[in-house]
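Chemist: Chain by chain, the residues:
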Amino acid sequence: AQKITQTQPGMFVQEKEAVTLDCTYDTSDPSYGLFWYKQPSSGEMIFLIYQGSYDQQNATEGRYSLNFQKARKSANLVISASQLGDSAMYFCAMRRYGNQFYFGTGTSLTVIP
Amino acid sequence: DGGITQSPKYLFRKEGQNVTLSCEQNLNHDAMYWYRQDPGQGLRLIYYSQIVNDFQKGDIAEGYSVSREKKESFPLTVTSAQKNPTAFYLCATADRGTGYEQYFGPGTRLTVT
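Which chain is which? The protein sequence lines are F and R, in order. Numbering of the first sequence is given in the working numbering, commencing with residue 1 and proceeding in unit increments. Numbering of the second sequence is given in the working numbering, commencing with residue 114 and proceeding in unit increments.
The following block holds chain F by itself, in its conformation from the complex:
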């Protein structure tokens, strides 16, 4: 069963605008972690942001913020003030008890000058 769903295969955003990348997840575990990674064309996976299931506040890291809606099981990534260097694949992931990670299929983001 698909545990992480990213429904946007590709997204476009104007430079300096904000963009939201969607992610929904499925688990019945009380404790889990949610992550976003960026993968540029070079192939490296870059960790962006983390949200714990018990965290009351949405996580933020610089221009990245995670819009965590626990009841809806969603963990959307918001990138503010997009830059050309933000063009990449973005993956949502969940870590469950037992050290297993589950990844979504990714969203390709293109920033337009």
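Example chain R residues on the side facing chain F (calculated, C-beta under 8 Å, incomplete): (1) Q154; (2) L156; (3) F201; (4) G220.
By construction, these hints were calculated from the structure, which means they are not laboratory data. Each residue gets a CB set at the ideal place from its N, CA and C atoms; glycine is no exception.
Could you slot chain R onto chain F? The hints should help.
Modeler: Frame of chain F, contents of chain R only:
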């Protein structure tokens, strides 16, 4: 420097040959993972190991084998039984606890002709 080393970056093999991809880490992480990524696709888990001398199959283990004789090393062998071995292979590690992200190596691009 702490990190994950994957070698080589590019690997070419003839069909019917087994090939071993190297993954070494000095982060002292217990858990190690192998993922396969096809062009434009997400990550699919091949094998993972949570402790030395123990490993579990992921979603696409057929045609692959691993060993975990040392904490630092988790080599992946792509056997001739793997029908479509050409792909990008990523090794990752993680510390204990759901709050910790995976750290990724730079990846190995395997081409089999």
